[in-house]
Amino acid sequence: MNLAGFGVVVLVVYLLSEIWYLTYFISQKKILQYFSSFSLSLGALLHFIYIILLQLDLHRLPLGTVYEVLVSATFLFVLLYLFLEFYIKENSMGVIIVPMILFLLAIALPGIDTDKTLAPQLTGLSFQIHVAFMLLAYSGFTLAFIASVMYLLLARDIHQKRLGFFFSRIPSLELLDRLNSSAATLGFAFATVGMCLGFWMGIELWGNAFPLDAKFISFVIIWFVYLFHLIARIKLGWRGERSAWLSIVGFFFVLVTFLVVSFFLTTMHAYR
Amino acid sequence: MQIFAIGLHRNNVPENLWYQGFTEFQTLKTCAEDLSSMDIQGETLFVNSSHSIEVFSVTDDETKTREKLENFLLTRLNLKKNAQDIRFHLLEGPDAVRHFFQLSLGLEPFIQDPQNEFIENASKSIAIANECGNAAHVLNRLFQTALMLAGKLEQSGLSFDYSFISKQIENLAQKIFGPLHSVDLMVVGSNELSQVVLKSMGTESLRHLYFLHRSSSLISKLAQSAGGQVVNPEDVDDKLANVQVVLRMNQNFASHFSAAILQKIMSARKNQPLLIINLDTTVVPEASLSKIYNLFVYDLTDFQQHKTSKDGIGYARELIENELKQFFTWFYSKEHYRFGDIIGKSKPMEHILELIARISQTNITVLIEGESGTGKELVARAIHENSPRRNKPFIVVNCGALPDTLLESELFGHVRGAFTGAEFQKKGLLEEADGGTLMLDEIGDTSPAFQVKLLRVLQQGEMRRLGSNEVRKIDVRIIAATNKHLDELVQKESFRKDLYYRLNVVQIDIPPLRAHPEDILLLADHFIAKYGEKLKKRVIGLDKEAGKLILNYSWPGKVRELENAIERSVALCIGHTILPEDLPPQVRNFSNSPMIFDDNAILPLKELEKQHIARALRFYHWDYEKTARQLGIGRTTLWRKMKEYGIER
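As given, the protein sequences belong to chains Z and B, one line each in that order.
Converting from the first sequence to the numbering used here requires adding 13 to each position, the first position being numbered 1.
Converting from the second sequence to the numbering used here requires adding 23 to each position, the first position being numbered 1.
If you are wondering where the hints come from, they were derived from the structure by calculation, not from laboratory data.
Where hints are given, some of them may not hold.
Not everything, but these chain Z residues come out facing chain B in the computed CB check (under 10 Å) [what the hints assert, rightly or not]: (1) Gly18; (2) Ile39; (3) Gln41; (4) Ile44; (5) Leu55; (6) Glu98; (7) Ser181.
Here are the simulated lysine to aspartate or glutamate pairs, EDC-like style, with alpha carbons at most 16 Å apart [as the list claims (entries may be wrong)]: (8) Lys348(B) - Asp566(B); (9) Lys174(Z) - Glu193(B); (10) Lys174(Z) - Asp118(B); (11) Lys314(B) - Asp128(Z).
Cβ atoms here follow ideal geometry from the backbone N, Cα and C, with glycine treated the same way.
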């Protein structure tokens, strides 16, 4: 079976699981919860098989191009989410998360090219660790973002005393706030390690002539946003809505960095 | 005219001062007498229940009355000395009426089986208030409606279940703080609702349940039954900094819940969210609280019963809202609009009153048609009195009474030397009425030349004095009235079509009395009261026989004739009721005069026969023998006919 066709199958299974998540979110029928979890797990399994097949084809980890990174990152993210879903026994966030995965995967899959040869530094172990850590950081930030959006929706409903649609479907504010905080903190930790690793690699490669790069600069901004996120919570008591807004601002920079800067502006992060 | 309720809730009075002796009949009576001696303009009704005392009042001067009533309540409870500690609750307009209905149905103040108590007290109170002359038709209707509502609810067989409040508090706490076993809840104070809410809430699954009260002895029993701990009042700050949910049952420790203090508490909590639920029915929540970060404030009214629920609360609320709408439609149509001397409960009159209420706010030209003596001027005056122009002049000109030229100079005015005899310049009535209303009576009698000039005023809103070239802008609302049918005059071309359409924007047809006989006795009563006062005579009403005569008469002279007849009767009347002898002869002997000559109505033969037989019987002083002989029928036939027509002595 050819690889591209298998990729389409993965997409279709994810799409089906999104339909289950949506019907669950609206109807709140318990049984649909199992359907949605099961179909997402099935999607993750197929996604995993796809990555194995891709690796067999490439004879290396699929982290060499932006597209390969996206395919791996989405898998990691699905795995993370499934773990969370199992842990808190709460399916309602899937209705936002699965479409994001679908979107990223739909960008990534057409760009997969198994015949492309890569520059030698893009296959090294330290490079792959750097990318993996960055992906984990992104996943953490994304999760924090999703928890924050839900927090704000629910908090608005509670403040305005409309105990309706979101009220009955979103987990408690306390849980969302905790999730936001831990996901952001974890993401921050991965980002710190990944960034240091990248910096070290840069010095190895270019020495003192380390070039300033758009992605590097924008990531430093992200790092400071989440640093503030952490400090504000501990020192200023910024929990709840303010913390949620910080996560949303941070995620905005993540999107800019990951999509706009990666594809259009950067020089040394262009995977060439 | 406004309706409002002012009262004291038990929660807002120091415990030891709450006076219990109100249920006694004698106390109610002294209360009502006190109220009537206080010289309050309007109606008042004092009601007490086990949790509050209230006065419902309908008055024009709310602020003054409020002051008096506050004083009255303080005196009643012997609270004069502590006046500054006392907080009254005040409800106005629909809120006050809703409050009354809710109390009557037991929807407030949330006691298990309260409806009979309040409505019983209210029925005692209203009886006494009526006796003392404190209550009149508004409060009586209020009570009647409440009674009817209570009856309806009883018939429905639905009962109240307040567990929905507990369920929603639980839900809310879970949505904010996660599972209940991580939630600390503190109940501040107590009220009627405490038991009901705590019983149906899963208090045992809470991490901690605290009770805080001004006097801990009162609350310990409740704390014991719910499985919570009583908090020392000195630890209130400490507890407020740590618990997640606070239920405020009354105004105990109210100073801790002001915006400024809560702001401090929130920073002491490091912005840990706090949910404050106010279950005190007597206070309005402070709006500024909702701006404090991570503080969630809920009020009793925010907890809504689910629509589909089969329980009685939703049904009762629906009933109340329906009744409320009807009550206020009635209240405003009768009270808010001043209809002066227009009296009438019949369908056509109601329709006219409604029409007046609707058009009075506008500047629309109105055409009033009705036979003379039906009260066209009263209607015009009512329109003026209810319009924004009420403080400006209202001028009536009878167009039929003046020759054309004179009418013109009256209306438009003239400058000096405009015509022979015009020695001074004179302002016209149109100018006099500027900003106000001008009623043109008998408009059908005017000449076409005058009509053209009038049309110009209506269309351009401007006029010229006779002999002057200066055009003046005027703002006058024109109300035209006629006892003729203008459309017929238009067909005969004696009335200009364009003016007719200009005047006839809204037409009010006043029916003659015979078209709404149900108003005759009402009017008669009104005139009896009016002339009783004027002639300083205490006349209560019509004798039964006199009433029958008045109803029988055809009143060719309309309301005016009725008024004159009553004036005469009141003047002649010796006792407290008007007897048939006091009525004018034409009314008294109406059935004696042959009906055929009444050119206002053609009666059916049967009616004629009935009246003739009745008249003959009266003529012969109910001697059947003579009557039958004179009528040329047998005695049995007479009997049969009397039975058929319902003629009785």
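Ascending list of hint numbers which this structure does not respect: Hints 1, 2, 3, 4, 5, 6, 8, 10, 11 contradicted; others consistent.
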